[in-house]
Amino acid sequence: MNVLSLTLLGVLCSSLLTGLIIFFLKEESHRLRTWLNLLGAGLKLVLVAALLRGVYLGKTYAWSFEFLPGLPLALGADANSMLFVTLSTVLWFWTTLYAVGYLEDSPHRSRFFGFFSLCVTATTGIALSANLMTFLIFYELLTVSTYPLVVHRGTRKALQGGRVYLTYTLLGGAILLLAVAWLYSLAGPVPFKERGVIQGLMVSHRRELQWLFLLFMIGIGVKAAIAPLHGWLPRAMVAPAPVSSLLHAVAVVKAGAFGIVRIVYDVYGAENAAELGVLPPLAIAAGVTIVYGSVCALFQDELKKRLAFSTVSQVSYIVLGAAILGPLAAIGGLVHLVHQGLLKITLFFGAGNYAETLGIHRVSEMNGVGRRLPLTTAAFTVAALGMIGVPPLAGYVSKWYLSKGAVTAGDHWVTVVLAASSLLNAAYFLPILYRAWFLPPPEKWPAEHSFGRWETHWMLLAAPLVTAALVIWAGVFAESAFSPLAWVKLIAAREYGP
Amino acid sequence: MSFLDFLSALLLVPALFFFVAGTVALLRFPDLYSRLHALTKADNVGLGFAVLALMLRAENGVEVFKLALIWGLVLAASSTVCFLIGQEAVRRGLKPWTRQSP
Amino acid sequence: MPDADPRLYLLAGLALFAIGFYSLVVQTHLLRRIMALNVMGSGVFLAFLALALKAAAPMPDPVPHAMVLTGIVVAVCATGLALALADRVQALEANEETPAPEEPPSAETGSEPEDAG
Amino acid sequence: MIPQLLDGTLVLVVVALAWRALNDRDLFRGVIEFIALGLLLAMAWLRLRAPDLALAEAAVGSGLTGALILSALVRMRRREQAAAGQPAGVATGPWAKDRAKNFSRVLLGALSVAMLGTLAWAALSLPAKARGLTAEALARLPDSGVTNPVTAVLLNFRAYDTLLEIGVLLLAIVGVWALRRGEWPAADLRERPLLLSLLRWVLPLLAVGAGYLLWIGASAPGGAFQGGALLAGALVLALLSGLGRRLLRRGRLVRTGLTIGVLVFGVAGAVALGWTGGLLQYPTGQAGAWILVIEAAALVSIGLTLGLLYLGGRPGEK
Amino acid sequence: MSGLILGPLVAAALAFTFPKRGRGMAWAAAGVVGIAVLSLIRAVLGGGVQSHRVSGWGAPLGIDLRADGLAVLLLALTALIAVAVTGYAAPYLRAADSPEARHRERYFWPLLLFLWTALNALFLSRDLFNLYVALELLGFAAVALVALEGKGDALRAALRYLFVSLSASLFYLLGVALVYGQCATVDLALVAERAPRGPALTVALALMTGGLIAKAALFPLHFWLPPAHANAPAPVSALLSALVVKGAFYLLLRLWFEALPVFHTPAAARLFGMLGAAAILWGSINALTQSRLKLLIAYSTVAQLGYLFLVFPLMTGRDGRFGAWCGGLLLLGAHACAKTAMFLVAGNILRAAGHDRIRELAGIAQVLPVSAFALGLAGVSLVGLPPSGGFAGKWLLLSAGLREGQWWVAAVILVGSLLAAAYIMRVMTRAFAPAVPGTWVRPVPPIMEGTALALALVAVGMGLAGSWFVELLWLGGPWP
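Residue numbers (the numbering used here), protein chains in the order written: chain F, 152 to 649; chain P, 4 to 105; chain L, 832 to 948; chain G, 537 to 854; chain B, 99 to 578.
Among the clues, some could well be false.
[Claimed, not checked] Quick list of simulated restraints, FRET-style, between CB atoms:
hint, chain 1, residue 1, chain 2, residue 2, range
1, B, Ala-287, G, Arg-786, 42 to 50 Å
2, F, Ser-215, B, Pro-541, 41 to 49 Å
3, P, Arg-94, G, Arg-786, 29 to 37 Å
4, B, Glu-291, G, Arg-641, 38 to 46 Å
5, G, Val-803, B, Glu-291, 30 to 38 Å
6, B, Pro-532, F, Glu-255, 48 to 56 Å
Worth flagging that the hints you see were computed from the coordinates, not collected in a lab. We treat Cβ as the ideally placed atom computed from N, Cα and C, and that holds for glycine.
All chains, please: the whole structure from these sequences, using the hints.
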């Protein structure tokens with residue numbers, strides 16, 4: 152075991168160990184818990200930065216451990232995993248900060264932050280998995296560690312939401328397990344590799360591979376919330392706002408989308424998948440989900456539900472990118488993995504601030520919030536515009552690459568879908584912005600809290616501002632060397648290059 | 004067949020007779036007290052003859068002694084048990100059978 | 832006297848086993864069921880010994896004999912345990928009809944003689 | 537001809553009695569038939585040339601088990617009468633309560649007959665002359681320390697079985713004691729001078745007899761179990777007459793007596809292990825002495841255990 | 099090897115003679131057995147299968163002991179769980195200083211030690227008759243422990259259990275008699291050498307299997323298990339579910355794969371598999387409908403036992419053989435630890451709330467966070483979520499099934515896992531609900547919570563040590 156593999160383990164342990172310690176902290180030791188949280192998150196950030204630099208310089212990171220004979224638990228850092236791990240680590244840091252502020256004075260914080268850390272550990276594990284088995288393990292760990300967060304409030308509604316969440320994800324997990332076991336019995340251990348690992352089976356097991364692809368998509372599609380497997384997502388929004396951010400932007404949905412990317416690119420290989428003819432159905436499913444999610448969002452009055460359906464729609468951009476053959480679409484999809492994360496987390500932070508500071512949960516109550524919470528609303532506005540795809544914000548970049556890729560691949564219908572989706576996005580976000588900025592505020596907010604100097608608690612404020620800044624950076628500096636887009640182009644070049 | 008064997012077989016005849024008589028009596032006698040007679044008296048005599056018969060076939064003195072001991076034990080035990088049963092019956096007020104009672 | 836035919840006793844043993852099993856399942860009285868278990872056991876022992884007699888040269892196989900002796904002791908232990916348990920259960924059911932105080936273990940454990948161990 | 541007739545009759549009576557014992561309408565009669573069955577089985581063991589077992593069966597299988605069941609029956613009856621206020625002469629049986637029950641009885645009967653048929657088919661397919669282990673056992677007999685092959689198997693060749701079996705005995709009494717408090721037969725010896733005088737000389741005699749059986753077990757039918765059964769009989773007599781009451785007040789002594797078999801056997805096993813490297817492997821040439829010591833301890837435990845099983849629970853004053 | 103049997107046996111006798119020293123005796127036995135197990139593991143890993151001829155004679159006249167990977171694994175598992183139960187039982191039994199409590203404590207320790215002796219003897223013995231004695235020892239100890247609860251339901255359950263156990267033993271013993279009649283030996287290895295296919299051994303195997311299935315509570319002979327396991331004292335329930343039923347299953351493995359492998363035909367194997375599948379479904383569905391926590395856990399045992407029997411159909415082929423064997427036994431180990439943890443948690447809940455009605459258990463996570471966490475972790479292993487031991491076991495079974503082309507096994511495993519998730523979720527949902535005032539009346543000593551958590555962690559961690567288990571199980575297993 153060398154320093155390089157230790158870095159990998161360090162990335163995992165920085166949140167795992169802090170999580171385990173936090174479980175056993177007394178409820179009252181607030182300060183220690185906060186420091187531990189931030190220390191873990193910060194340490195992880197540093198380690199990931201080191202990792203990123205290493206991967207950029209071409210170092211190979213690998214760690215493995217045989218937990219059953221011939222069945223290694225393997226971690227590694229390729230370009231693809233770095234994309235996701237960087238995203239989740241950066242966002243986790245800010246989410247932690249936000250959560251500390253958000254949950255001040257609420258009960259069971261040790262439990263909450265314990266599972267919170269476990270959840271991020273699982274996400275990091277998913278990102279760093281070097282083979283399908285390891286992916287599966289962390290994927291299920293994510294399911295389990297998220298459940299206590301969803302039901303954290305313990306209300307009837309929360310428990311119901313949690314039950315729906317577990318039902319969906321465990322069913323998906325079982326199907327995924329079947330798929331993995333089946334593939335292992337056909338192909339032996341399945342490491343992730345660009346252009347796929349199933350070339351040897353293409354001729355002899357064509358039919359099985361097609362079925363397997365379907366199983367994989369169902370199994371992972373649950374977390375990626377592809378319609379009609381999305382039912383859990385709007386119901387899980389009963390969770391506290393930081394959890395929603397986690398579900399939608401950092402961990403769960405992202406893990407699903409990332410999983411689909413992994414299966415298409417690194418297990419099947421895009422060209423093999425296209426050869427098997429399994430990509431068009433996936434693209435159609437993604438397209439349908441995009442439109443369907445947007446339409447549903449249009450009719451939600453509850454702010455978080457609207458955002459939830461928006462996620463359903465937006466995550467399928469990533470899937471769409473994977474499902475359309477060609478480097479351009481791949482770039483669009485992958486970069487949206489990052490962009491959607493930044494956008495959606497900002498939106499949820501905003502929604503959380505409205506709820507926590509003013510007691511606002513519904514769009515119809517949002518008249519004039521811009522005046523009471525100007526900074527929050529500004530961040531919210533940036534993210535909403537990004538979602539719609541207004542240039543030069545992050546969302547525009549992804550949509551542009553996606554449509555270009557679709558046109559190159561000859562799938563013209565995709566552009567129609569994207570256009571329709573953008574219109575719908577505008578239709579459900581612009582009224583919110585209008586209300587927030589241009590309508591007069593009510594006499595009295597539903598439940599107002601005062602946090603002293605700033606418009607709200609500084610931790611609640613810092614997080615959305617930072618993420619909104621990142622949204623602008625990712626869009627404006629998209630063509631620079633240090634942007635998500637640049638990294639994604641590297642990945643696409645490796646998948647599709649000569 | 005030696006003389007002793009013959010004698011032994013001869014002794015078994017009364018032994019069997021007394022056992023059969025005791026058994027028939029046990030089944031046919033009308034009440035507990037008379038059945039006790041059958042069990043203790045007839046069977047013990049029968050056993051005595053059987054033990055005698057077996058003694059004649061014994062290989063050494065120790066075996067003869069053991070057989071005698073067995074008979075002695077049975078005699079003592081059956082008389083004590085007979086007494087205890089009778090006593091318990093009397094205590095419970097069981098009336099002895101007489102020709103008058105049905 | 833010549834040896835018995837082992838097969839005869841073997842079959843008898845199996846018959847006892849079957850009778851015991853049938854009664855165990857059909858009968859409801861606890862004592863009958865306990866006796867049924869004993870009869871089943873005797874059937875097994877009979878089978879064992881009959882098989883031992885098949886190897887009678889110059890004497891029956893002593894190994895099954897030892898096994899059956901072990902079995903007999905185990906059977907009487909089982910009977911003792913089952914009877915104690917059945918007795919508690921029956922006491923319980925009798926109590927449910929007419930509540931009379933029937934030895935909860937609490938009443939006398941403390942007074943068990945020479946407890947100081 | 538006559539032996540076959542005798543065997544046939546014996547077997548038929550045994551089977552018929554077994555059926556009667558378990559299915560007699562009168563439970564009391566069933567119990568008596570069950571005890572009789574045990575005695576007949578002892579005869580069957582004799583016909584199968586197993587005198588050791590005939591002894592054990594007569595004493596334990598028929599005598600002690602019968603006594604246990606009989607006393608349990610009496611106890612249950614008394615309680616039933618107290619509870620229901622009516623004589624429970626005929627125990628509730630499965631007789632014709634409803635059709636479903638009858639049907640299941642028929643079904644189970646058919647099943648049992650089918651099972652019997654299968655068993656018979658299998659048993660009759662066994663080779664007529666078995667190899668058995670007679671030859672092996674006799675060949676090793678000189679090294680076993682005893683001359684009675686059954687004792688050799690019990691305490692040397694398969695001594696490990698016996699160790700566990702003594703464990704089962706102890707476990708049984710622990711289990712029974714955990715369950716119930718024993719019931720004292722209320723007997724006042726002052727009213728029964730005859731019994732007292734009998735017991736005065738019979739009890740020591742029985743103890744001597746137990747020792748004799750133990751001793752003779754090395755070479756002839758007998759041994760710790762048969763001796764233990766005799767001791768148990770003596771103990772039951774003592775308990776029935778109330779003589780044993782004083783003994784049972786000494787709790788620790790009684791418990792030590794109950795466990796001494798396991799302890800001596802276990803320690804002997806361990807010592808042998810250290811001595812020869814084999815669990816319960818007695819040092820060469822000393823097997824006879826070791827067996828005697830172990831058997832003596834086992835005799836005490838067996839006798840006490842079986843006798844106290846009759847009490848049906850832990851000793852303790854009301 | 100000898101210490102494994104003599105240690106707890108002598109300790110049991112001493113614990114009975116000196117009632118106040120019961121707990122000390124249990125710890126002493128734990129020490130002896132612990133050292134013996136560890137040195138045995140070392141010996142087996144270093145020098146392969148270990149054998150011992152008791153009394154120095156050797157089979158067929160004497161009795162042989164043998165410790166292969168399978169036996170050592172189960173011995174270690176038994177030691178682990180017995181130690182945990184010992185630690186848990188001391189505060190559990192001292193709940194109140196009532197005469198009942200003293201009575202229970204007085205008899206608990208010797209009975210526990212007898213149970214331990216019996217299990218160790220069972221796992222080591224190679225002799226069919228000796229195994230019968232060990233089985234009886236096991237059965238008696240288990241029944242007496244169930245009855246120790248003293249309440250009506252427990253006594254009735256114990257009596258039913260005793261009847262099943264005794265008649266099952268007699269079926270087994272009759273089978274042994276037939277084997278002896280045919281082979282003139284009761285040694286497992288010699289039987290395998292001398293076994294001709296024929297009616298006698300077929301029926302013998304059927305008899306023994308029938309008896310053992312009843313003892314292992316395989317559907318449809320599971321009816322005695324839920325009342326017995328649900329009404330026993332919590333540490334006893336743990337022992338019964340974790341180890342006692344597994345003892346019978348272990349013996350079935352020995353019979354079918356070592357003594358009489360010639361009878362392991364596809365048809366017989368399929369029958370086992372069908373029964374196992376039925377047990378999984380039936381047990382899980384019943385667990386879903388129970389209103390009491392301990393009954394739910396007990397039915398879950400019925401279901402989980404079903405998985406073990408899937409080993410039989412998967413062992414018919416060549417490809418999946420070793421995987422299925424390891425998978426089944428890994429599952430056995432994980433289930434033992436997880437189920438112990440669950441029953442101990444149930445004991446904690448009973449202590450804290452005075453009842454175990456699931457509907458009224460809101461707020462476990464709030465009042466007993468450690469217990470709730472343990473319950474959750476144990477649930478993770480039962481459902482088979484990675485990286486738990488349950489997952490590793492199911493994974494191996496699943497891959498074996500797929501490799502052998504036995505799709506129905508895969509389907510059953512997946513459906514069973516989902517049902518398990520459903521019934522675990524029923525409890526966990528209550529756990530996270532806010533506590534109703536007045537539900538939780540008594541505090542629970544930390545050691546009782548800690549023991550449960552430790553075992554749950556072992557169950558989950560077992561998956562990560564899968565390679566080690568597989569290496570151990572390879573030694574002396576039924577492969578050519």
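Against the structure, the hints:
no.	hint	result
1	Ala-287(B) <-> Arg-786(G): 42 to 50 Å	holds (49 Å)
2	Ser-215(F) <-> Pro-541(B): 41 to 49 Å	holds (45 Å)
3	Arg-94(P) <-> Arg-786(G): 29 to 37 Å	holds (33 Å)
4	Glu-291(B) <-> Arg-641(G): 38 to 46 Å	holds (44 Å)
5	Val-803(G) <-> Glu-291(B): 30 to 38 Å	holds (36 Å)
6	Pro-532(B) <-> Glu-255(F): 48 to 56 Å	violated (20 Å)
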